[in-house]
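Given next are the chains, with one letter for each unit.
There are 2 protein chains.
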Amino acid sequence: MIKSLEYIENNKQRFLDELFDLLRIPSVSADSKFKNDVRKAAEFIKQKFDESGVDSSEICETAGHPIVYAEKIIDPSLPTILVYGHYDVQPADPYDLWDSPPFEPVIKDDRIFARGACDDKGQFYMHIKSFESMAATGELACNVKFMIEGEEEVGSDNLGLFVQKNKEKLKADVILISDTSILSNEHPSVTVGLRGLSYLEIEVTGPNRDLHSGVYGGAVGNPLNTLCDMISSLIDENGRVTIPGFYDKVEELSDEERAEMAKAPFDLDEYKKDLGIEAIKGEAGYSTIERTGIRPTLDVNGIWGGYTGEGAKTVLPSKGYAKISARLVPNQDSKEITKLIIDHMQKIAPKHVKVKVTPHHGGEAAVIPTDSQGYIAAVKAFEEAWGKTPIPTRDGGSIPIVALFQKELGLNSVLLGFGLDEDAIHSPNESYGTFNFYKGIETITWFHKFFAEKEN
Amino acid sequence: MIKSLEYIENNKQRFLDELFDLLRIPSVSADSKFKNDVRKAAEFIKQKFDESGVDSSEICETAGHPIVYAEKIIDPSLPTILVYGHYDVQPADPYDLWDSPPFEPVIKDDRIFARGACDDKGQFYMHIKSFESMAATGELACNVKFMIEGEEEVGSDNLGLFVQKNKEKLKADVILISDTSILSNEHPSVTVGLRGLSYLEIEVTGPNRDLHSGVYGGAVGNPLNTLCDMISSLIDENGRVTIPGFYDKVEELSDEERAEMAKAPFDLDEYKKDLGIEAIKGEAGYSTIERTGIRPTLDVNGIWGGYTGEGAKTVLPSKGYAKISARLVPNQDSKEITKLIIDHMQKIAPKHVKVKVTPHHGGEAAVIPTDSQGYIAAVKAFEEAWGKTPIPTRDGGSIPIVALFQKELGLNSVLLGFGLDEDAIHSPNESYGTFNFYKGIETITWFHKFFAEKEN
Chain A
1 MIKSLEYIEN
11 NKQRFLDELF
21 DLLRIPSVSA
31 DSKFKNDVRK
41 AAEFIKQKFD
51 ESGVDSSEIC
61 ETAGHPIVYA
71 EKIIDPSLPT
81 ILVYGHYDVQ
91 PADPYDLWDS
101 PPFEPVIKDD
111 RIFARGACDD
121 KGQFYMHIKS
131 FESMAATGEL
141 ACNVKFMIEG
151 EEEVGSDNLG
161 LFVQKNKEKL
171 KADVILISDT
181 SILSNEHPSV
191 TVGLRGLSYL
201 EIEVTGPNRD
211 LHSGVYGGAV
221 GNPLNTLCDM
231 ISSLIDENGR
241 VTIPGFYDKV
251 EELSDEERAE
261 MAKAPFDLDE
271 YKKDLGIEAI
281 KGEAGYSTIE
291 RTGIRPTLDV
301 NGIWGGYTGE
311 GAKTVLPSKG
321 YAKISARLVP
331 NQDSKEITKL
341 IIDHMQKIAP
351 KHVKVKVTPH
361 HGGEAAVIPT
371 DSQGYIAAVK
381 AFEEAWGKTP
391 IPTRDGGSIP
401 IVALFQKELG
411 LNSVLLGFGL
421 DEDAIHSPNE
431 SYGTFNFYKG
441 IETITWFHKF
451 FAEKEN
Chain B
457 MIKSLEYIEN
467 NKQRFLDELF
477 DLLRIPSVSA
487 DSKFKNDVRK
497 AAEFIKQKFD
507 ESGVDSSEIC
517 ETAGHPIVYA
527 EKIIDPSLPT
537 ILVYGHYDVQ
547 PADPYDLWDS
557 PPFEPVIKDD
567 RIFARGACDD
577 KGQFYMHIKS
587 FESMAATGEL
597 ACNVKFMIEG
607 EEEVGSDNLG
617 LFVQKNKEKL
627 KADVILISDT
637 SILSNEHPSV
647 TVGLRGLSYL
657 EIEVTGPNRD
667 LHSGVYGGAV
677 GNPLNTLCDM
687 ISSLIDENGR
697 VTIPGFYDKV
707 EELSDEERAE
717 MAKAPFDLDE
727 YKKDLGIEAI
737 KGEAGYSTIE
747 RTGIRPTLDV
757 NGIWGGYTGE
767 GAKTVLPSKG
777 YAKISARLVP
787 NQDSKEITKL
797 IIDHMQKIAP
807 KHVKVKVTPH
817 HGGEAAVIPT
827 DSQGYIAAVK
837 AFEEAWGKTP
847 IPTRDGGSIP
857 IVALFQKELG
867 LNSVLLGFGL
877 DEDAIHSPNE
887 SYGTFNFYKG
897 IETITWFHKF
907 FAEKEN
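Residue numbers (the numbering used here), protein chains in the order written: chain A, 1 to 456; chain B, 457 to 912.
To be clear, the hints were calculated from the coordinates, so they are not data collected in a lab. Among the hints, erroneous ones may be present.
In silico DSBU-like pairs for lysine-lysine, Cα to Cα no more than 35 Å straight-line [said to hold, decoys possible]:
#	chain 1	residue 1	chain 2	residue 2
1	A	351	B	496
2	B	729	B	807
3	A	351	B	812
4	B	737	A	281
5	B	737	B	844
6	A	339	B	719
7	A	354	B	737
8	B	491	A	33
9	B	496	A	354
10	A	347	B	807
11	A	263	B	807
12	A	281	A	249
13	B	737	B	623
14	A	347	B	844
15	A	356	B	812
16	A	351	B	803
17	B	496	A	273
18	A	273	B	491
19	A	46	A	449
20	B	803	A	281
21	A	347	B	803
22	A	354	B	491
23	A	356	B	719
24	A	281	B	810
25	B	623	A	249
All values derive from a computational prediction rather than experimental measurement.
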């Protein structure tokens with residue numbers, strides 16, 4: 001891979017410039033007013049595939065945002081890597097908390113600041129540049145297929161159907177995804193577990209109109225107070241979710257497995273200092289790494305209702321809203337949990353309000369076997385590029401398509417992510433280290449080599 | 457008063473046209489972007505005073521929005537009525553719930569629809585038109601002073617200082633205010649009690665930035681969940697506020713007094729049907745009329761935090777906010793209660809968040825003596841204009857300046873309001889009946905006559 005690495009070194013600035021062009025396109029999938037920008041991003045990626053030396057590329061329409069597909073088959077007898085990524089990004093608001101505009105990327109302290117810098121534009125784009133480097137230097141070791149979708153941040157609703165309809169086209173030996181983090185640049189790691197997701201929106205309606213809180217307050221149930229009561233009741237004093245059946249299928253790890261997890265480097269004081277908090281909070285009886293790795297949880301992601309402007313308004317509002325989501329662990333079925341939550345919310349709704357619960361999207365948890373060929377190639381690639389053996393970790397986040405690929409294509413995924421906690425994905429001032437961007441391209445390139453060796 | 461009533465009848469359309477001009481000015485005191493409109497409203501009112509026959513009028517500057525003052529002294533030996541009103545209005549949002557734009561008044565089903573139609577532009581303007589009618593026909597029976605402020609909806613912060621500084625100028629025998637409601641057009645009433653107010657904004661801060669709920673959820677305290685916990689804990693299962701000391705000074709009414717209150721016409725089924733609710737909710741052991749009249753309460757007026765846009769965002773937000781207010785009854789001191797709430801919120805704040813509580817504005821509860829000359833004149837005025845004896849009621853709303861006037865000027869207020877519940881003040885589609893507008897002008901005119909008779 002010497003020539004490829006040289007090629008990468010010689011084209012560093014251009015690789016970054018191209019990523020910047022992609023980051024400038026506000027491809028926010030959740031908000032329909034960015035619909036044209038999402039398509040613009042898809043077209044940009046197709047063009048970059050064409051310039052990088054693929055055999056063919058196409059924009060595949062779906063009922064929602066399109067999927068960009070490309071491939072290069074150098075030899076049908078060689079193993080095939082299917083790269084998955086997503087070109088859509090989270091909404092960037094609140095805009096006023098960004099130090100620089102979210103869609104005008106800048107470099108500061110060796111970090112790229114922009115919405116999508118890490119999640120996932122900066123990460124999937126490494127694969128295109130690694131591929132270009134190997135293709136240009138004749139060092140491609142595997143066949144490569146790319147499937148870059150535009151709906152990951154809204155639940156990948158149309159990816160399942162696309163995968164089902166294109167099983168032949170997507171045939172491969174492994175799925176390779178860079179959409180996760182490493183523990184730190186000193187402690188590189190590979191994710192071997194992901195949590196699932198159940199996401200719902202709750203609408204609580206009290207009176208049929210906003211009321212004067214002086215005239216009606218105390219006599220008419222306030223939907224905001226009631227929404228708080230309902231949400232508050234969902235987690236008990238031990239940090240456990242109170243929804244009946246919620247933990248029924250959660251697997252308890254053995255003492256040995258927990259001891260293994262406890263070996264991951266973790267400094268609670270550093271953690272609290274980084275987040276600016278005086279105390280952590282979570283389920284009693286579990287460590288922070290366990291709480292985010294192997295335990296399900298429930299969070300309010302948004303809440304609103306009544307008067308939220310400047311000053312004071314004495315209103316007893318008609319409606320209150322919240323978005324809540326549960327992170328799930330292997331064996332918990334997201335559809336089942338979603339139903340449990342909906343039923344429970346209806347059950348605890350007091351008579352003085354009407355409660356409507358709408359599911360947004362869900363996804364299943366996944367575990368990656370550490371004895372798989374892909375995982376072993378990932379370990380070797382890290383050892384070569386970073387000079388260190390990566391630590392296997394279980395992440396709190398969800399990439400629902402990992403479970404989908406296992407089910408529909410019978411393929412394991414390798415989660416070769418290079419993000420860091422400090423990247424602040426989904427937050428204002430999202431960033432991605434330039435070190436991680438270039439080191440990621442190098443690691444991916446080594447992965448191709450080791451995956452080819454292992455297969456043959 | 458025959459000539460005055462004739463004059464009113466002959467100028468009905470013009471009176472309404474003038475009110476419409478005033479309603480077109482969006483004098484929202486809470487929102488600084490309407491600052492110029494608030495001043496425009498003050499100037500409009502001064503001009504109308506000048507046209508109505510006052511001796512003098514002026515726009516009095518304050519640290520905030522100005523106060524419009526006008527007077528006509530026909531004979532220093534006659535009694536003097538000081539009319540109080542406010543020309544500022546509540547914010548009109550949510551705009552999309554209005555059937556017609558809030559600052560483009562329209563008549564529909566004999567009702568004036570506009571922000572401020574009832575609260576308080578439609579009501580205080582009746583006094584200017586009643587005055588004009590009496591002045592034009594030589595039937596003025598009392599001296600009249602007007603003090604129309606522009607900060608009632610934001611706590612009348614600068615009125616206290618104005619009153620203190622102008623005690624001589626404001627010397628009068630009674631304060632007359634139309635900023636309350638009657639039970640119904642079939643059951644006219646006069647308010648003899650008002651609740652006080654304590655209004656606060658709460659900011660709960662968890663981590664120092666928005667986090668990915670997958671990566672941190674379950675391990676880091678979520679400020680929105682915590683805000684819900686804190687709010688939920690403020691009211692117990694009996695509907696009682698749990699803040700220590702909150703009820704300490706609340707006066708319990710005697711069985712006789714409660715029996716008297718229970719005589720007011722009230723139909724629970726009608727009440728629920730009107731509000732579109734299946735059940736009411738309030739403090740155990742008290743009736744709806746008691747809950748809104750003689751009992752203090754606590755409501756969330758607004759709540760917000762996290763992602764509130766379209767679709768789903770898996771964020772564990774840094775901050776959550778709520779506006780809460782307590783309605784107070786006589787003897788409860790609003791400053792004292794505000795401090796109790798602030799202290800309590802700090803006390804119950806868990807270690808994983810920081811809590812900041814900012815008081816907005818407060819006001820004291822008030823009771824109007826039914827044996828006062830002003831109250832007796834109000835009863836006679838209703839009997840003359842409506843053919844019915846009004847029912848004395850205790851209202852849930854707050855007019856903090858009533859307590860202020862008692863303290864600073866030693867004057868009782870008469871609450872000669874003509875609103876109805878269906879006017880939906882503070883809500884979208886606020887309205888005011890044209891019947892109530894004209895009948896109010898007539899009642900006010902009779903009040904002047906009876907107040908003059910009584911005094912002499």
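Status of the hints after comparison with the structure:
no. : hint            : in the structure
1   : 351(A) / 496(B) : violated (46 Å)
2   : 729(B) / 807(B) : violated (44 Å)
3   : 351(A) / 812(B) : holds (33 Å)
4   : 737(B) / 281(A) : holds (33 Å)
5   : 737(B) / 844(B) : holds (33 Å)
6   : 339(A) / 719(B) : violated (49 Å)
7   : 354(A) / 737(B) : holds (14 Å)
8   : 491(B) / 33(A)  : holds (32 Å)
9   : 496(B) / 354(A) : violated (43 Å)
10  : 347(A) / 807(B) : holds (32 Å)
11  : 263(A) / 807(B) : holds (28 Å)
12  : 281(A) / 249(A) : holds (23 Å)
13  : 737(B) / 623(B) : violated (44 Å)
14  : 347(A) / 844(B) : violated (49 Å)
15  : 356(A) / 812(B) : holds (32 Å)
16  : 351(A) / 803(B) : holds (32 Å)
17  : 496(B) / 273(A) : violated (52 Å)
18  : 273(A) / 491(B) : violated (43 Å)
19  : 46(A) / 449(A)  : holds (25 Å)
20  : 803(B) / 281(A) : holds (18 Å)
21  : 347(A) / 803(B) : holds (32 Å)
22  : 354(A) / 491(B) : violated (39 Å)
23  : 356(A) / 719(B) : violated (38 Å)
24  : 281(A) / 810(B) : holds (14 Å)
25  : 623(B) / 249(A) : violated (74 Å)
Violated hints, in rising order: 1, 2, 6, 9, 13, 14, 17, 18, 22, 23 and 25; the structure is consistent with all others.
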